[in-house]
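*Asks:* Read off the chains here:
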Amino acid sequence: MIRVEGVNKQFSGNSVLHNLEFSVPDGQITALLGANGAGKTTCLRIIAGLLKADSGNVSVGNLDPFKNPKGVRRQLGIVGDREGLYERLTVAEYLSFFASAHGLAGAELERALKLVRNELELSNLWNRRTKGFSQGERMKVSLARALVHSPRHLVLDEPTRGLDVLAARLLRKTLMRLREGGTAILFSSHIMAEVLELSDKVLVMAEGAIVGSGTPDELMRQTGCENLEDSFVNLAYGNVAERSKHGELA
Amino acid sequence: MMISKKRLSQQMRGLLLKELLEVWRDRRALLITLGFTLLFPALMIGSGALSLKVMSETTFNVAIVGAEYAPILEEKLQGGDLKVERLQDGVPQALLASKYDVVLQIEKNFAEDYRSLLSPKVYLYVDSADQSGGRGAQLVQQHLAQLQQLVVQQRLAARGLATQVLAPWQLEVRDVSTPSSRGLAMWGLMVPVLLIMALLVCSAAPSIDTSAGERERMTIEVLLQQPFSGWQLIVAKVVAVTSIGWFGALLSLAVLTVSFSLLPLAEIGVRFTAGISELFTISLILLPLALLIAVLQILLSLRSRSFKDAQIQLSILQALPVTLLVALKLSNIELDSPLWQLTPLIGQQQWLSALMAGESVSALLAVAGSLVTLSLVGLCILVGARALRSESLLGAT
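Protein chains in written order, with our numbering: chain E, 1 to 250; chain C, 1 to 397.
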């Protein structure tokens, strides 16, 4: 389980996260919805131990990312807002490197590589250097990197961006399988149909805080909207409008 | 404990392989390495060969305008290294611009003034910007001075004076230099500076690519998300960058060694004495310095805001060591004291100079100096590992 409790973060005096609080249970898919600049990337970086929260607690599988960053990173698979490919490496070399970073070697490493190659249908890209890959191909390799060490927790920032219909279906299938296996999955998306199909729980984030939480149905009931998109707009932008009205964002 | 050690070695192997593949597949870095290591020594050797050709030139063309007024001078200059040609007339400047190295002009009234002891004037025209002209003029002056000495002696003897009156002492110059020491004077600074330059130039592009480049391409974040320690990341990057910098320096050394064997050094009494063992020692001496240069360049690039910023900062860094070595050479500071020899860069320059000239180097000082350099490398790795924890590295602040 990923747990974020009362987290605050400022950059040069500007508050980015305000008392952020949520949890991502094991064996569930949690969607994080938020406008650009809502603080999703900062939140993700704090979970990975790359940034330190000014206050509050974060735990990944009961480990504190700042006190035990290596322990947390061993349990985490992350796809951030950039694919992070090394363009001079082939897909096989790239994934071998990240698998070995998690201590995989020999037959165990080969097994892990074979699994992601088949699961994400990477065979035709396998021995090609990643330079010149399409956005969808880059995303598939990036996803394979996050999955190759079979992490207990998965954090994905818009994982279907650039994927064609077949690849997006493939990813959804993979996420379902991982959920069955007990993996805690946190993903952000702007595609409401995808959120509806995949997520057990939805978190709506605005101005560095969670402004709505629950199943898609609960959010729609809560806001009195007929669809999730309207609920999200109501919660995220309505919240901003409300705070603007009270002069908090001045 | 065993599992943890095994995991560490697997992690390091993978990390090293990744960094090495990245560095050695960087076409820009390879082009710079090959370009510098092949072209720069070739340029140096080419200009050296040209100087040697001039220095070893043995025959100089001398034109005498008005030789008929002083046949004795023409006679004295004939033979040896001077090829004398008698000309009826001619403008000295034009003659120098053609095939002559030196032009001697004798005036019409030479014989009359000579007989009257009036010291007739003889003009020696030379183009001092032309190296062969300078050496030719020196030879002509030497020959004429000998003749002048002879004439003075004869005149004194004719007047009953002892010739020793004009020579209260005799000065004889004895050159005690050896071919090796002349070699040391020739490339004592030049070759070490070239090798250090090779380390700096060849490791600059991969240093920037592996730090500022990773930062700009945002791959550094993915790397930092993996369960590596900061020191592991820096060590792998330093090893990869060092491999290409050290390779560049060794390639330069090989090109220089081959080129020296093609130069006619013996003709000017200079010997290149570095053998296989000296070259092997030079390679080993360069390794700690290659590591230090790599880690310093990575640290500097890591704190740069962009690829371009890193390029500017490294170009300044590259000029510093060479400027320092040349300044120390010009300041005539005695650099062979143990304190200087333990100083990174200066110590290495001293040992490289000595080894290139076939001289011995104190093994104790070389080992101690290398350990000082390696300690500094260790310190820089710790600083780099700390820098990787900086939030500004992610452009987050």
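Careful, some of the hints might be misleading.
Said to hold, decoys possible - A short list of chain E residues far from chain C (calculated; beta carbon distances all over 10 angstroms):
| # | residue |
| --- | --- |
| 1 | 55 |
| 2 | 84 |
| 3 | 180 |
What the hints assert, rightly or not - Sample of chain C residues facing chain E (criterion: CB under 7 angstroms; computed from the structure):
| # | residue |
| --- | --- |
| 4 | 7 |
| 5 | 10 |
| 6 | 11 |
| 7 | 14 |
| 8 | 25 |
| 9 | 27 |
| 10 | 30 |
| 11 | 34 |
| 12 | 216 |
| 13 | 224 |
| 14 | 226 |
| 15 | 227 |
Simulated from the structure, these hints should not be mistaken for laboratory data. For glycine and all other residues, C-beta sits at the position ideal for the given N, C-alpha and C.
*Asks:* It remains to establish, for every hint, whether it holds in the given structure.
*Replies:* Checked hints:
Interface exclusion of residue 55(E) from chain C stands, the closest Cβ pair being 16 angstroms apart, more than 10 angstroms. With a cut of 10 angstroms on Cβ distances, residue 84(E) falls inside the contact zone with chain C, its closest approach being about 3 angstroms. Once the 10 angstroms rule is applied to beta carbons, residue 180(E) is consistent with being away from chain C; the minimum gap is 25 angstroms. Hint status for residue 7(C) relative to chain E: holds, with the closest Cβ pair at about 4 angstroms, below 7 angstroms.
Contact between residue 10(C) and chain E, as hinted, is supported at the beta carbon level, the nearest pair being about 5 angstroms apart and thus within 7 angstroms. Checking residue 11(C) against chain E: minimum C-beta separation of about 6 angstroms stays under 7 angstroms; hint holds. Because the beta carbon of residue 14(C) sits about 3 angstroms from the nearest beta carbon in chain E, less than 7 angstroms, this interface hint is met. Of the supplied interface hints, the one on residue 25(C) holds, with its beta-carbon coming within about 4 angstroms of a beta-carbon of chain E, less than 7 angstroms.
Of the supplied interface hints, the one on residue 27(C) is violated, with its beta-carbon coming no nearer than about 9 angstroms to a beta-carbon of chain E, more than 7 angstroms. With 7 angstroms as the threshold, the beta carbon of residue 30(C) stays out of range of chain E, its nearest partner Cβ sitting at about 12 angstroms, so the hint is violated. With 7 angstroms as the threshold, the beta carbon of residue 34(C) stays out of range of chain E, its nearest partner Cβ sitting at about 18 angstroms, so the hint is violated. For residue 216(C), the suggested interface contact is broken, since its CB lies about 11 angstroms from the closest CB of chain E, more than 7 angstroms.
Hint status for residue 224(C): holds, given a least beta-carbon distance of 6 angstroms to chain E, under 7 angstroms. Here the hint on residue 226(C) is kept, as its CB sits about 4 angstroms from the closest CB of chain E, short of 7 angstroms. At a threshold of 7 angstroms, the smallest CB-CB gap from residue 227(C) to chain E is about 4 angstroms, leaving the interface hint in force.
Consistency with the previously given hints fails for numbers 2, 9, 10, 11 and 12, ordered from lowest to highest.
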